[in-house]
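Put the two chains together into one complex; each comes in its own frame, and the hints tell you how they fit.
So the protein lines, in turn, are chains A and B. Using the numbering used here, the letters of the first sequence map in sequence onto residues 1 to 251. Using the numbering used here, the letters of the second sequence map in sequence onto residues 1 to 447.
Treat the hints with caution; some may be incorrect.
Derived contacts from chain B toward chain A, CB cut-off under 7 Å, selection only [unchecked claim]:
(1) R405
(2) I407
(3) P410
Everything labelled a hint here was simulated from the structure, so no lab data went into it. Heads up, the beta-carbon is just placed ideally off N, CA and C, and yes, glycines get one too.
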Amino acid sequence: MEVLLEIEDLEVEIEERKILDGLSLTLNRGEIAALMGPNGAGKSTLASILAGKDNYKSIKGSIRYLGKDLFKMSIEERASKGLFLAFQYPVEIPGVAMSTFVKIALNAQKRLRGEKELDAIEFLKLAKIKAKELHMSEDFFKRPVNVGFSGGEKKKAEVFQMSMLDPILAILDETDSGLDVDALKVVAEGIKNFQSKDRGSLVITHYQRLLNHLDPDTVHILADGKIVKTGDKTLASLLEEKGYQGIIEAA
Amino acid sequence: MINSAKIMDMYSSSFSDLRNNFIGQDITWAKKLREKAFEQFCKDGIPNQNVEEWNVFPYRDLRDNFFSASSNPVDQQSINKLNSKDINCSIRMIFFNGKMVKLDIDKPIEGLQINSLKYFMDNSPDLLEGKIPDASFYSERRLSNVVDSRPQGMVALNAAFYQDGVVILIDKNTVVPGHIEIVHIGDAKTISMSPVRSVIFLSENSKCEVIERIFPTCKNTHLHLSNHVTDIQLSSQSSLTYLRLVDGNTSDIHINNIHASLKNDAKLYCPSLILSCGQSRIECRVNLIGENSQAQIDGLTIGHNKSTSESLTRVMHGNINSSSNQTFRTILNDESRASFLGKIRVEAGADGTNADMSSKSLLLSENARANAKPELEILADDVKCSHGVTVGNFDPEQMFYLCSRGISQPEAKKLLINAFSKVVIENLPISLSKISEEFFGFDNFII
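Looking at chain B on its own, in the form it has when it is part of the complex (with noise of 0.2 Å):
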């Protein structure tokens, strides 16, 4: 047994207390994968060290606590806080600690379905049906062809603990207008979490644009971890834009798993942008399973306090042209720590892939750390890959050209910050980087 017993015999008593409650337990197939999901994390535990994919942060407050599945009433007030959503976001959707609680639509959108999964799975459960991935799924396969389940821990305890998610499911040549938002926000009155479980299904030749901002958790009184699993289907030339901006405090814990495979033609733009005093990490698994397949994986992390923050992609190159770039650029203040562990892994058989990785850390204090791990597993032969990765401190000859034309040191620190943090920025569409700008709260973030 990996964790202390005593801690896996409190999640053990909390599903027998929320088995009958949880929602979907009157569908044979859901009720399947969720006992068959608690079976596995029973198994194998919150992940531990000595998993390769867990082996640069300790996780100590994830291991050494139980999270009950929040119950706690819903603060109205900290909902009427938010601002009135943005002129370009068609619909909003807001959970409060991982439960939704208002789904705000201008007007109904012809070819897009768009509810939380509570509602679909007491109404029309049949629409889910194959779109929800058995936890075994997600297994690390590693070069030696073992399959392991263990890095996959948490979305074991999410699949067994879910209460609520963001389902979109988007028809044949749907262009969704403006932008979707879907905003998290809670409060932790004791040790809670909110596991999201989440669907994304565009259709042929549709496109749309997502927004999923997570607020840190308000009463900041004890450790909160929001576990969240969002499953991708990007079929035929479909096209998806899923923008996070996380936003913790210090005892907010953000583990987030994105799982996309995209079919021929199909486009994913998936940017992450996070301001960390806690810690967070973020998981992105993608499967270029169809021709011509595109990814663009993009990371911007600023640390403070103590954070940690991590990043990980696993980018699966299955079928011939496809090709994913992965951009990651990380800022830490204070004594932050961040890591980013990368892979690209080209099947035999995908030639004409074409994949390149970037990984940059600027350390702007003494005590800041950076980890990188980029890896490459090429399996087939006529192929363009590439990876970089950089830690360092302001370069001494940029800071002297810049202020030797008179500008003084702060104002050429940001003005490097800017320059650094401006190949993440300067990809998202106009309209998102101006929310991301907001997010950032730096005036002239891009100059």
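Isolated chain A, as found in the complex (with noise of 0.2 Å):
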């Protein structure tokens, strides 16, 4: 199996506090990884270094993706490479359509890429196959990035802009929060759909919920800034059961 992400005593520091120390972690091509733990436990903080955010005081350690080094690489240049993050808070932008974002982001990554962009209609069509398979109308096209979208509407335009950019390492913030029965069953779907040999997902949550559709393959947990137990997925019915104090005092 080969290996997608690899990360190696990770160490972070946002405003004199020490978020990461000594996180590791491997995600392979075709594996789903849960990645759980407790509130402030730093989940969130990995999912944005990941994508590229540098709003930390210092960094330690390493992260390979793909086999090269991550920090080296800006944020546009990941997204392009296959990296993708669907956000725990979507980011409003009034006065750009969706539609417009999601188009001008494809086709940005595809210039990077070499590849040929897509033109108005090629990508009409192509939106609006992947917006029937998350049910949603296609009036969103429209309406401006995130602005004004219920919570489940603002989830789902993630789910809706992962399926688009078709990326290889899908990192999920709690993309299954704020989500009614039926909306968790279609972003399952689009994370299922998503899902196949050569890529790898990483679905950071705090519910069981969404592990039941996904049936993942590891479940870590993260505690005070670094994975204090791996496991499958019997992992996470025992911490529903324990809680994280009972797991962690355990491990």
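This is the structure we're talking about:
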């Protein structure tokens, strides 16, 4: 199995506070890994660092993505090489229509990869198919990015972007929170459709609900800035039973 | 005496020299207005920073120089260089240093009279009587009810020295097809000014679109002041779109005063797009004296170098159920400065007023500065008024989100600038939005 993402001894300090403290994690092609952990454990920090956020005071350790040093890649370069982050709190961009945004993003990535860009008709055709898969109405193409979207719509829009941009590694930061049962199902379908033997998913979540749909290969527990336990999907059920405290103490 | 005595003396002797050659001097009312305006200018002078409306920028160039009314010969070459008129443009007037040099009409339009102010003064001055107000008419009324004429020194200067202008008179039930374009070009071989006085009068139920374009002066060696005053009267149910495109180089000073009064159900849409490298100041005063009258005043400014751009609005709601909207967006590069001074006044009894004012500035450089002062004076009870002002840089969260999708930093910034300006641009009718895109010279200005 080819390694997609390899994090070694990652230490991140933000505003005088050590958020990640010796975190190591490996994700292979074809793997769905769940990352769970109590609030404030550093899950979202990890996700944003992977996408290229540089709001930290200091950073140590190494991250290799597709065998290359991730720290040497700009935010947009990471995206064009197939790294995608579904935001926990998607950002509102008034004045930019969703379809414009996704089209520019998709073509910018294609340009960076030296591929042929999509014209307006090709793009719309693809977008319509993807929106239909996610049970989304087409009016949302014209709406400004995330502005006035409900919590569920925002999360669906993230999954829509993921399926349009067709990444290799998807990091989903609490994409299941704030979703009703039906929306959760749709989002889970979206992730399952995306997953293949060439791709990997790192699913950050608090709940077993999503994992029941997804059937993860591995479950990592993150606490106090490092992975304290790794197991298969039974670990998630154990967690549901004993709580983080029980697992962390046992580990 | 506010101004340095010497400069005022130069204006006085210039006024004496030109007195017999001004247009309209054989018309009693016009002559009287001009003399009165000059008296007022002598009293108040060019506004200084002690005057509230003029306290943001020093306007030193304006005060420390004498601007002679331009008498430069017409430069035919620069007229020939202009593109031929747009397909939607039914009439075009070209002004050189403030005087009309060309009137280009496809075919006469019934119900529309359009020509230079000089032409009307020479041929049918009666049509203008009562349409050019006394300079004191523009005085600022303070909250204390004190009437202050000092902020209007530039209007008085215009009213004393104007040599030409635009006159558009539209009869009842006339809809002018396409748009009317007024182009101003000029040069500055000496320190000079072009005082332009314009009158737009729409009778009941008429409609018209006017674009006024001010190009940078060529042969950019001396300061040039274009000092425009436009009086607009909109009768019941008439509708005017009045777009200004102002482009200047570093030695250009543009002072534009627009004054509009609206009767019942009249509509005014008055956007100004400014590409500023020099100094620009646009004042827009709107009196909503009719019931259900509506005004939309917009501004989009892009500042470069050490330019200063100032927008002043005074919207007076004087009758029931009138509405107004002001949307100003400013993008500042380099060391440019901008200022927004907006005021909404709702008179006692003007119930059902709906007024909104928004001014946002995007600073693209650490050395750019923006100032904003929104004011509301509400003397009626049943009123909906709002205002919002922001000054800021690119939002780092938005930048991160866009880049995380593979969009490069410069492209993300362009997208955010477009989004920022969009609220102003999307209000424009399609035919005019194309002109404004070309004006700003952005490719894909609107995405």
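Each hint tested on the structure:
1. Against a cut-off of 7 Å between C-beta atoms, the interface hint on R405(B) holds, since the closest Cβ of chain A lies about 4 Å away.
2. Of the supplied interface hints, the one on I407(B) holds, with its beta-carbon coming within about 5 Å of a beta-carbon of chain A, less than 7 Å.
3. Residue-level restraint check for P410(B) is violated (minimum Cβ-Cβ distance to chain A is 10 Å; threshold 7 Å).
In summary, the structure is inconsistent with hint 3 from the numbered list given earlier, while agreeing with all the others.
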